[in-house]
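Taken in order, these protein sequences are the chains called A and B.
At the far end of the first sequence sits residue 312, using my numbering, and the numbering has no gaps.
At the far end of the second sequence sits residue 1431, using my numbering, and the numbering has no gaps.
No lab work stands behind these hints, which were simulated from the structure alone.
Here a beta-carbon is modelled for each residue, glycine too, at the ideal position from N, C-alpha and C.
Treat each hint with caution, since some may be false.
Derived CB-CB ranges, DEER-like [said to hold, decoys possible]:
no., chain 1, residue 1, chain 2, residue 2, range
1, A, 61, B, 1094, 34 to 42 Å
2, B, 1389, A, 72, 41 to 49 Å
3, A, 201, B, 1342, 29 to 37 Å
4, A, 118, B, 1159, 41 to 49 Å
5, A, 257, B, 1129, 36 to 44 Å
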Amino acid sequence: MKHLISVQELSREDTVGILDTAIEFNRVTDGGTKMLPTLRGRTVVNLFYEDSTRTRISFERAAKRLSADVVTFSAKGSSVSKGESLKDTALTLNAMGADMIVVRHPSPGAAHRLAHAGWLESSVLNAGDGKHEHPTQALGDAFTLRAHLCPGATDFAGLTIGIVGDVLHSRVARSNIFLLGILGANVVVIGPPTLLPVGIENWPCQVSYSLDAHLPELDAIMMLRVQQERMNGTFFPSELEYSRTFGLNRKRAKKLPEHAIVMHPGPMNRGVEITAEVADSPRSVITEQVSNGFIVRMACMYLLIGGDLSVA
Amino acid sequence: MSLNSYLIEGARPYGEDVQDIRIIGGRIAEIGIGLDPENLGVVRAEGRVALPSFVDLHTHLREPGREDAETIASGSRAATLGGFSAVFAMANTAPVADTAGVVEQVWRLGRETGLVDVFPIGAVSVGLNGQALAELGAMAASAAGVTVFSDDGHCVFDPLLMRRALEYVKTFDGVIAQHAQDPRLTQGAQMNEGELSGILGMTGWPAVAEEAIIARDVLLALHVDSRLHICHVSTAGSVAIIRWAKEMGVRVTAEVTPHHLLLTEDFVSGFDPVYKVNPPLRSRADTLALREGLADGTIDIIATDHAPHPHEAKDCEWDSAAFGMLGLETALGVVVSAMQDVPDWNWRTLSDRMSSAPARIGRATNHGRPLAVGESAHLVLIDPDQGHLVVAEQLASLSGNTPYAGMTLPVSVTDVFFNGIYQVKDGALNV
């Protein structure tokens, strides 16, 4: 595998392989090894066309922990509005000898274009392309789910995962729905029809407009962020109505099975899609998702641009 | 050998019985079997299909304003190589073709090039802004004699402006060519709205955004009894609405592009913006409905929506890329490819949809005439058995944004006569 653009390119074996590699990295770093020499001499460029401090830092840390040379390239604005085109940036980075480009871009398919348009030879790792995909987020979430619900399992058969909220605009939801499908989980997508994409009834998931109806059957619930710009009254009447209908509060959390975990890709709107009480409760694994995302990113970088794991 | 006088030997007019065609002084002088070549230049056309040259009611020639993408001269070369004798040049140039001055300039540049007749289309509204009527009468009365008006690229969204435009052009037998796209339902739209747009995370362009405008406009055209033409129909629902409107007696005509007949949205999944076009490539079911509608006459014509763009406008990420694809040089091959298995489709129907019907809608009286004695010698010879590979760099257009590059199209335009001038010979410009 040279690029990681979409989870839909992964097989179940690929996915389990990434998760197992991540476990190895977790073991090594838990054992106190701070720096691995795996990618020494390799250059990883973080090319970010959107503000995303969390994801950028996670990738930077992952690359540095593997001893790669890390260059962060923050390019604001699209190629049309101002500045250099994506292609020219790609040619520049290629000339610099980048081994891997980690790209975050507002346009769906931008990572795919970088990988396949013939502009560069580097590996491309998609760190979020518009509303399309965010594969390492989904892999990190799969890592978290596996650790809590089925350690060591090679599939997620028998697990029921709820994904709640704005699926229409969410690359995290897309990657999660398809990756969980690949792993054989039963996925229930819940949200107002205005925030569900056309055609979702043909995706590998159940679709529902009622959160309450599904709570007792969920092994895990992922709450999606409601973005500020969706709250202007055209997707749903008000923040309060959204919160009343689709927000995860204490009362709803109580209806979840005892073992069920609560997830959120962050950043959260406390009080909108999730109350502070639930976000900070023992069943919340939200901060673990952050550290697992980091570990999984290490695994993906290692698997994409090689290096020798035995030195770890 | 007299100038512009030829004997075409052994061609099959409309793909039917073999005939010889004598051209003298820009007109068809004789059609028959075993004609004596006398002292004329002989064009051997055994196995070739002869048709009246094509007429494109929807072409973007980009001049004035974007001469880096196409000029009237380069677009005319592309048109004649594609077998066209007339093209209607869309108004969305810079400056916009919304005054007599601009349309006359386009018309004159077309005349100077002289390879095809270039008929300028006038804008419906000043600056294509959808607010105030452009000087439709002045453009109609100009040397360019504009009969077709369109804000193409933009929908005439204001129903009152649309009503008045439809009414106003009745004074000179004009037609309003509507780009049917509800702008509110297509904000930020990038591709057909459906299962695939959901998976790819692209903002969808729903079929209803086209169909709702067509439904409104056929009712307006019925109400004011005026001529309405629908540009680039792309959905099965639009075909059904137009079929109903025609049954109701609405004076509506409609066009479909070659690319909407052949290509589907599935091409978008590779994120290559060469497939980005407006209206977007639709589903398989839509292409099948369009083919059926074209064959049964619900859709009157094929129009290319030839839309050249410079390389950089497509060599980028999808969202930033321009909408549009080339069409003139590949139109015939793509149409033949798309329609080959459709019942009731033959060279006669193709000729009607690509030649006589578009000429009639655009009131281009000297074009789209039958292959008959006394008619202007605008004719095209086609090798129905000789496919050709599309190579973007070899096209006459200044731009290379063709989605057919690398594809082999099933037939080839071999020879083209324009007003009796032997303009394309063996698939190349004959200069």
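A quick look at each hint next to the structure:
Between residue 61 of chain A and residue 1094 of chain B the beta carbons are some 49 Å apart, a value that contradicts the proposed interval 34 to 42 Å. A hinted range of 41 to 49 Å for the beta carbons of residue 1389 of chain B and residue 72 of chain A is consistent with their spacing of about 45 Å. Between residue 201 of chain A and residue 1342 of chain B the CB atoms are about 31 Å apart, so this pair conforms to the stated range of 29 to 37 Å. In this structure the hint that residue 118 of chain A and residue 1159 of chain B lie 41 to 49 Å apart at CB holds, the actual value being about 47 Å.
Evaluation of the 36 to 44 Å hint for residue 257 of chain A and residue 1129 of chain B yields a failure: the beta carbon distance comes to about 59 Å.
Going through the hint list in order, the structure does not satisfy hints 1 and 5.
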